[in-house]
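Chains as they are written, first to last, in my numbering: chain G, 1 to 543; chain E, 544 to 914.
Since the hints were made in silico from the structure, they are not lab data. Keep in mind that the hints are not guaranteed to be accurate.
[Unchecked claim] Once the Cα atoms are required to be at most 30 angstroms apart in a straight line, the calculated DSSO-like pairs of lysine-lysine come out as:
| id | chain 1 | residue 1 | chain 2 | residue 2 |
| --- | --- | --- | --- | --- |
| 1 | G | Lys-489 | E | Lys-647 |
| 2 | E | Lys-884 | G | Lys-505 |
| 3 | E | Lys-564 | G | Lys-499 |
| 4 | G | Lys-474 | E | Lys-647 |
[Claimed, not checked] Distance ranges between label pairs, derived from CB positions:
| id | chain 1 | residue 1 | chain 2 | residue 2 | range |
| --- | --- | --- | --- | --- | --- |
| 5 | G | Arg-471 | E | Thr-649 | 52 to 58 angstroms |
| 6 | E | Glu-656 | G | Asn-441 | 53 to 59 angstroms |
| 7 | G | Thr-468 | E | Glu-656 | 19 to 25 angstroms |
| 8 | E | Glu-633 | G | Lys-411 | 53 to 59 angstroms |
| 9 | E | Glu-633 | G | Glu-372 | 55 to 61 angstroms |
| 10 | E | Glu-605 | G | Lys-499 | 25 to 31 angstroms |
In this text, a Cβ means the ideal position worked out from N, Cα and C, and glycines have one as well.
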Amino acid sequence: MPTSTEKIFSEFKEHSVAEFFKKNKQMLGFSGKTRSLTTIVHEYVTNSLDACEEAGMLADITVKIDEIEKEKYRVSIQDNGPGIPKKHIGKALGQMLAGTKFHRYMQQRGQQGIGASGCTMYAQITTGKPIKAVSFYDKKKISCEVAVDLKTNSPRVENLIEEETDGSKSGIMVEGEFADVKYDKSSFGVFEYIKRTAMANPHAQFTLVEPDGQSVTFPRSIGEVPKKAHAVLPHPLGIATNDLLDLAHRDGENSKIGTFLQNGFSRISAAKVKELKDMLPAVDFEKPPKELGWADAEALVKAFAQVKWIAPETDSVIPIGREQIEKSLQSILAPQFLAVTERPVKIYKGGVPFAVEVAIAYGGHAGRQVAERHAGDVMRFANRVPLLFDSSGCTISEAAKEVDWKRYNIKNFEEEPITLFINLASVYVPYTSAGKQAISNEEDVFAEIKYAVMDAARDLQRYLSGITRERDRKERRKAILRYVGQFSKDVVDLAGEGKAAELEKKLVNLIETKYSSQIEEDEGETGAPKENGNAKEEEDIEE
Amino acid sequence: MAKRSVNSSKDAFAKLEGLGKGMINEINSGETPTFSASLRSKGNVFYDESVGYIRLGDKMEERRFVNVGQARKFMQTVAIANKCKKFLSEGAHTSIRGLFYQLKFTLGEDLDEELFSEQSESNPLVEDLEVSLELKREDLNLNTDRKGVVAGPLVLKDKFGGDETEIDCTKQGRSGWMIPSDVDNGMDFVSVDADYVLVVEKDAMWQRLNEDKFWRKENCILITPKGQSSRGCRRLIKRLANKKLPVYVFTDCDAWGWYIYWAIKTGSMNLAYLANDIATPEARFVGVTMQDIKDYDFLGSLTIRAKDVDIKRAEEMLGYEWISRHKEWVDELKTVLSTKKKIEQDALQGPRLSFVGEYLREKISKKKFLP
Chain G
1 MPTSTEKIFS
11 EFKEHSVAEF
21 FKKNKQMLGF
31 SGKTRSLTTI
41 VHEYVTNSLD
51 ACEEAGMLAD
61 ITVKIDEIEK
71 EKYRVSIQDN
81 GPGIPKKHIG
91 KALGQMLAGT
101 KFHRYMQQRG
111 QQGIGASGCT
121 MYAQITTGKP
131 IKAVSFYDKK
141 KISCEVAVDL
151 KTNSPRVENL
161 IEEETDGSKS
171 GIMVEGEFAD
181 VKYDKSSFGV
191 FEYIKRTAMA
201 NPHAQFTLVE
211 PDGQSVTFPR
221 SIGEVPKKAH
231 AVLPHPLGIA
241 TNDLLDLAHR
251 DGENSKIGTF
261 LQNGFSRISA
271 AKVKELKDML
281 PAVDFEKPPK
291 ELGWADAEAL
301 VKAFAQVKWI
311 APETDSVIPI
321 GREQIEKSLQ
331 SILAPQFLAV
341 TERPVKIYKG
351 GVPFAVEVAI
361 AYGGHAGRQV
371 AERHAGDVMR
381 FANRVPLLFD
391 SSGCTISEAA
401 KEVDWKRYNI
411 KNFEEEPITL
421 FINLASVYVP
431 YTSAGKQAIS
441 NEEDVFAEIK
451 YAVMDAARDL
461 QRYLSGITRE
471 RDRKERRKAI
481 LRYVGQFSKD
491 VVDLAGEGKA
501 AELEKKLVNL
511 IETKYSSQIE
521 EDEGETGAPK
531 ENGNAKEEED
541 IEE
Chain E
544 MAKRSVNSSK
554 DAFAKLEGLG
564 KGMINEINSG
574 ETPTFSASLR
584 SKGNVFYDES
594 VGYIRLGDKM
604 EERRFVNVGQ
614 ARKFMQTVAI
624 ANKCKKFLSE
634 GAHTSIRGLF
644 YQLKFTLGED
654 LDEELFSEQS
664 ESNPLVEDLE
674 VSLELKREDL
684 NLNTDRKGVV
694 AGPLVLKDKF
704 GGDETEIDCT
714 KQGRSGWMIP
724 SDVDNGMDFV
734 SVDADYVLVV
744 EKDAMWQRLN
754 EDKFWRKENC
764 ILITPKGQSS
774 RGCRRLIKRL
784 ANKKLPVYVF
794 TDCDAWGWYI
804 YWAIKTGSMN
814 LAYLANDIAT
824 PEARFVGVTM
834 QDIKDYDFLG
844 SLTIRAKDVD
854 IKRAEEMLGY
864 EWISRHKEWV
874 DELKTVLSTK
884 KKIEQDALQG
894 PRLSFVGEYL
904 REKISKKKFL
914 P
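Turn these sequences into a full structure, and let the hints steer you where they fit.
Written out as structure tokens, the structure is:
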């Protein structure tokens, strides 16, 4: 999707991009030292994952973070993807908005800020150093340094060395030095980001080498590359005025607005165009799309809402998949219990398909540890990308909060070893802002998330009440069993016959077999002796 | 109610063993051990007009070992039974407090639990055993505190601690013979050569009458329970009544004194399970009565004000069917309530110290009793 970022940049092209960047970096994910580092890793990891998936390869990504000095780090990312051909290296790493991912209406990982080039620029303005890149592509190893020419927003590639290889290795390694960043293990940090990315991408393997030299690997748990997303035409419902304007202005194929609508959207037929024309006599459908103005676009969007449309196709939505989520969460959280809910594709705003997947992991490594105590954890994802920031304004958090956890045997979500994994898959994720860290409160999306969480919570409840029941049963039996020894001794003594050990065996057997179910259903309280219910009488008698 | 067999520690021993054997049989035939006893809750206590005392009804309570709520109590009950069997075979006695300390130990190093941790747990289980085995705790070598004193023509043989002593209650001087906890086991009547039994509420009054040798002059057995009567005292009165001696009770003229009479006569609610052994329905009330105030002029000026507890007790007693069925007693109680007056037995010493004797002689010879 075209973004407001792009527009801003095109306007600022003549001015200092760097200056703009400095002023607006928080908008692009470079706000706060920890977050900035996470953003850098995210940009590179996303590129790697996308490149591998597109090439049909199973990604193997290593992230290494070294501390150079306080708040100054070297970040290097290496993947086993197809690599980047020589002529594209500069553009890929040194030119803002040069990526191929904009302008396509398909499910993809959200771009946060401005991609790898943004990282290059961040390195330049914080350390003054270019990015080092090594690309193995088509029997060649290309090593170079890439910088952004801040005046012209064009890549500057230097010290390029090209070597022949045997072609056995492919992929890219990018390394940069960044300051004004910080590595920590908070829930906003790189570690958490990689862990969550691994959870949502079980087909990829991640290794993180932390500044202290510790290496953590999140192994691949699925051997299949996810189904490729395909570009689809947008549905007339769910489109905003400026989106329509963007699409029209970028259109190069149609000579008239009428044909642009018919060819550029799904479900707009010739008949529907005629219907629109009848509704909007003031709009000239014969004009070239490039001449579509704001007022007409607005009128069209309003008219779209009046027309009855066939619902959009839903095959553009690619969820992670139940089995995939199960395997990855088992592998990473090793929970005692795991429930995954996969909801069918639904549509919001009448025209945007989406699907919600929810997993609840309980016990094991699920949940957060807060000062030796468990705490519930809500992990938000949009198209497999973990959303670490802005949780308070996010409809996922809101929906999770609205669930009445007590109904599901969770006394206090904040104090349980529980991880709630929620992925929203959609061609068009309704983010609240350009930061793309929170999802706006679309009613249909909110409801769907809530239902999905409740679905999974019901499974959890069954599991938990099973545990309670079983524990209770065992305790009831145990409450009796603890008295068997003493009782057997005494009763044998009392009767003056029999052997205590034999009797004890028989009693234990009776308790565990014949009377087992009866004991489990007994109403009686265990433990403390009850008050004797004898008649009380005021009597001055000493007994 | 089944007749209890008393004064046989051999019998108690056999009953205890039988209890254990029954439980082992149950286990061997694949059943949970059970323990049954009459229910002692208020709902199963009633006045039985045909026998004239308060006793337990037919409601039984069965406890099962394989029940979460009952297992601990069950184990505890058997532990008490076993311990009592040991006391019996050793011929040693102790109190229920001593019993508790014998059984206050941990169930095992791995179990953070004691067999008993409070005496309030063991006390009711002792009663359970008494009821279930139709025995008194005294039969299980469990003593209660002694209370009550006897003087008069009664000779007993006391086998205790390996010795055998003959006790002549005419030769106990000023202090009298103190009634032991157990007046059955190892305690035989050698001779009971009296015309009646007189029970006087207060020790002071007993001392007065003893000094006057009232019991010798009247050929009666003079007993004081020293207030409310103990189990042993009631049991002794019952045994004497069984010897066909009339029993007369002499208490203060107030609700509390009268209640002491009724406890001797009909038993009490929380000892209902022992009523057959300790209630003496034949007992008669000799005084002091409200009527006496009219009959003896000097008493009129010797009344004192009834206290709130006296009033309350009088009201309660009016509600007891075994009391309210006697018109004489209803009148007495109503007089207490209307005059708010009471009179102590000590008041009969008003004219002269020996007047008490004269008073009793007159009332007994004229059979001026209340039922």
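Hints versus structure:
1. Lys-489/G - Lys-647/E: Roughly 16 angstroms separates the two Cα atoms, so the pair holds.
2. Lys-884/E - Lys-505/G: With Cα atoms ~68 angstroms apart, Lys-884/E and Lys-505/G exceed 30 angstroms; violated.
3. Lys-564/E - Lys-499/G: It holds: about 12 angstroms lies between the C-alpha atoms, which stays within 30 angstroms.
4. Lys-474/G - Lys-647/E: holds, 27 angstroms
5. Arg-471/G - Thr-649/E: 52 to 58 angstroms: violated, 25 angstroms
6. Glu-656/E - Asn-441/G: 53 to 59 angstroms: holds, 56 angstroms
7. Thr-468/G - Glu-656/E: 19 to 25 angstroms: holds, 23 angstroms
8. Glu-633/E - Lys-411/G: 53 to 59 angstroms: holds, 56 angstroms
9. Glu-633/E - Glu-372/G: 55 to 61 angstroms: holds, 56 angstroms
10. Glu-605/E - Lys-499/G: 25 to 31 angstroms: 26 angstroms Cβ-Cβ, so the 25 to 31 angstroms window holds.
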